[in-house]
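Chains as they are written, first to last, in my numbering: chain H, 1 to 95; chain C, 1001 to 1485.
What the hints contain is simulated information worked out from the structure, not anything from laboratory work. Check the hints yourself; a few may be wrong.
[What the hints assert, rightly or not] Once the Cα atoms are required to be at most 25 Å apart in a straight line, the calculated DSS-like pairs of lysine-lysine come out as:
1) K1085/C / K1038/C
2) K1379/C / K40/H
3) K1391/C / K1254/C
4) K1406/C / K13/H
5) K13/H / K1476/C
6) K26/H / K1406/C
7) K1333/C / K13/H
8) K1256/C / K1038/C
9) K23/H / K1333/C
10) K1036/C / K70/H
11) K1333/C / K6/H
12) K1036/C / K1455/C
13) K1279/C / K1036/C
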Amino acid sequence: MTIDLKTIKHISKLSRISVDDEKAKKLEGDLNSIFEFIEKLNELKTKDIEPLTSIAETTLKFRSDEVKSKNIKNQILKNSPEKNEDFFVVPKVVE
Amino acid sequence: MSDITSQTLSEIIKNIKEKKISSQEVTKAFVDRSEKSKLLNAFITEDFSTALEKSKIFDDKPNFDLKLPGVPMAIKDLFCTNGIKTTAGSKILNNFIPTYESTVSQNIWNEGAILLGKLNCDEFAMGSSNETSFFGNVQNPINQNLVPGGSSGGSSSALAGNLTPVTIGTDTGGSIRQPASFTGTVGLKPTYGSCSRYGIVAFASSLDQAGPMSKDVRDCSLLLEVISTYDRKDSTSIDFKRNNYSSELTNNIKGKKIGIPNEYRIDGMPKEIEELWSKGIEYVKDCGAEIIDISLPHTNYALATYYIVAPAEASSNLARYDGVKYGFRSIGKNLIDMYEKTRSEGFGDEVKRRIMIGTYVLSSGYYDAYYLKAQKVRKLIKNDFDEAYKKVDAILTPSTPSSAFKIGEKTNDPVSMYLNDIFTVPVNLAGLPAISIPGGLDAKGYPLGLQIIGKAFDEQNILNIAFAMEEKINFKNKITDWWIK
């Protein structure tokens, strides 16, 4: 299987990473060599194998749902690229 | 007394407790040496003046009952530190100041350690040479223009270069053991679920583990004892009875059965690695252990499995970096344009490559062919180990297929870079503990590591085997301080 430029553009859209044509060409080469390497798995028959979804076979523990406010609103907002009073600012979404 | 910075953690603790040196003297020694070692580029963030202040506070009211009394320490910049910039080696987080502390680092501070600074690493821990860091290459103290390994490359460099007595790294596919191997130091990846992942910048959640890096096995056992705790804040943290790893450390490994997996004799493996492995086998025999040939038949599929599972999980974990609430933001025409530009400019090439691989293998129509397939092969790899551990107590392999390579040597070929992790990746897929210890030097005088893989939760056993082997190997690193003018 090969990954073409159209697929690269599609993956770029899905992953919300803009890719220019030059970068897309480079990625096409890189991803194809990586997938060529990955295709090796097809040598194995795995029809009846259970997938391993979690390595730590534990049952999740419950905790009570308590509000623990540390009053760190300002520190959190300080990390935002743009804020207005107590809000995170983003470009206009609805025209 | 030998120079403070070349002492082991155990020696420093002993000297502090016996009041032969103060925390301030130790901290100043490491700060002074770090100031002279900028060329290594091991630090992303230095916190030297605060460290000196804290060491004075410790000395004014010392508590010698703590396990790390007044010991200064630098840690990988993947652990969130409350109020101190945490970048994960990425531009997208280059101004991020966490409002909380990772459990593993908190455990260290609770035992009296003092933060020296945050150490360089591959961007989001994705890399095997520390060359993907936004903050530049790190030099290996062993020789100029040699990579220190990765992703915990700043950690291994700072440790081998005597800028920190011990350190903590993280290991998703070999990121503690491979840099330890490249710098002649000791690194342990604990069993999945031993050390809390809370507050560690996530890469691949089913594989990530924090672990100790040190100059010898005793120090490694002591640091593991401090960082390995059950934590309710991490839903995959496992509540099991942890050993007192340092006090239970013994070199008596008589009668232990050590497995040698035939599949690790890969094509084109350098003769020096073969010889190192044979020497390692002789050492464990000398210690009274029994050697047993074993088979791990799916070894050859581990890397391909890893390069589906890890990017898939990464693509999902890194979806949070969108330029809205924290981190770097690029200006866009609209919200979507802002996301796309932020992520395009904020992430480096290797991270983008992996996000895109992950997005692809999880996308509609490909999930079964790639991700599900990889999870099934992962099961086969785990079954191999389960089968082997019916016959043996631990497994001995080389840590890496070569010694450290030159900076720039492998950056243009992602697959050849990935092959570095061929001996370390199966361990993460199976969730097992493994330790890398220096086994000797190659013809160039570069260190080579040996890896001991244990059963799940059997860290004490691999530490003991490593401890016994360390005595026999009697390894000496050849470091000339070439970077200090």
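Going down the list of hints, with the structure as the test:
Between the alpha carbons of K1085/C and K1038/C the distance comes to roughly 19 Å, so the proposed pair stays at or under 25 Å and holds. Proposed proximity of K1379/C and K40/H is supported: the alpha carbons are some 16 Å apart, at most 25 Å. The suggested pairing of K1391/C with K1254/C holds, with an alpha-carbon distance near 16 Å, which does not exceed 25 Å. At most 25 Å may separate the alpha-carbon atoms for a hinted pair to count; K1406/C and K13/H exceed this at roughly 36 Å.
Our distance criterion of 25 Å between C-alpha atoms is broken by K13/H and K1476/C, whose separation comes to about 52 Å. Taking the CA atoms of K26/H and K1406/C, the gap is near 23 Å; set against the 25 Å cutoff, the hint holds. Between K1333/C and K13/H the CA atoms are separated by roughly 16 Å; this keeps the pair inside 25 Å, and the hint holds. Between the alpha carbons of K1256/C and K1038/C the distance comes to roughly 45 Å, so the proposed pair goes past 25 Å and is violated.
Distance restraint check for K23/H and K1333/C: the Cα-Cα separation of roughly 21 Å lies within the 25 Å cut-off, and the hinted pair is therefore satisfied. For a cut-off of 25 Å, the pair hint linking K1036/C to K70/H is broken: about 40 Å separates their Cα positions. Only pairs whose Cα atoms come within 25 Å are accepted, and K1333/C paired with K6/H is accepted, the gap being roughly 24 Å. Distance restraint check for K1036/C and K1455/C: the Cα-Cα separation of roughly 42 Å exceeds the 25 Å cut-off, and the hinted pair is therefore not satisfied.
This hinted pair does not check out: K1279/C and K1036/C have alpha carbons roughly 37 Å apart, beyond 25 Å.
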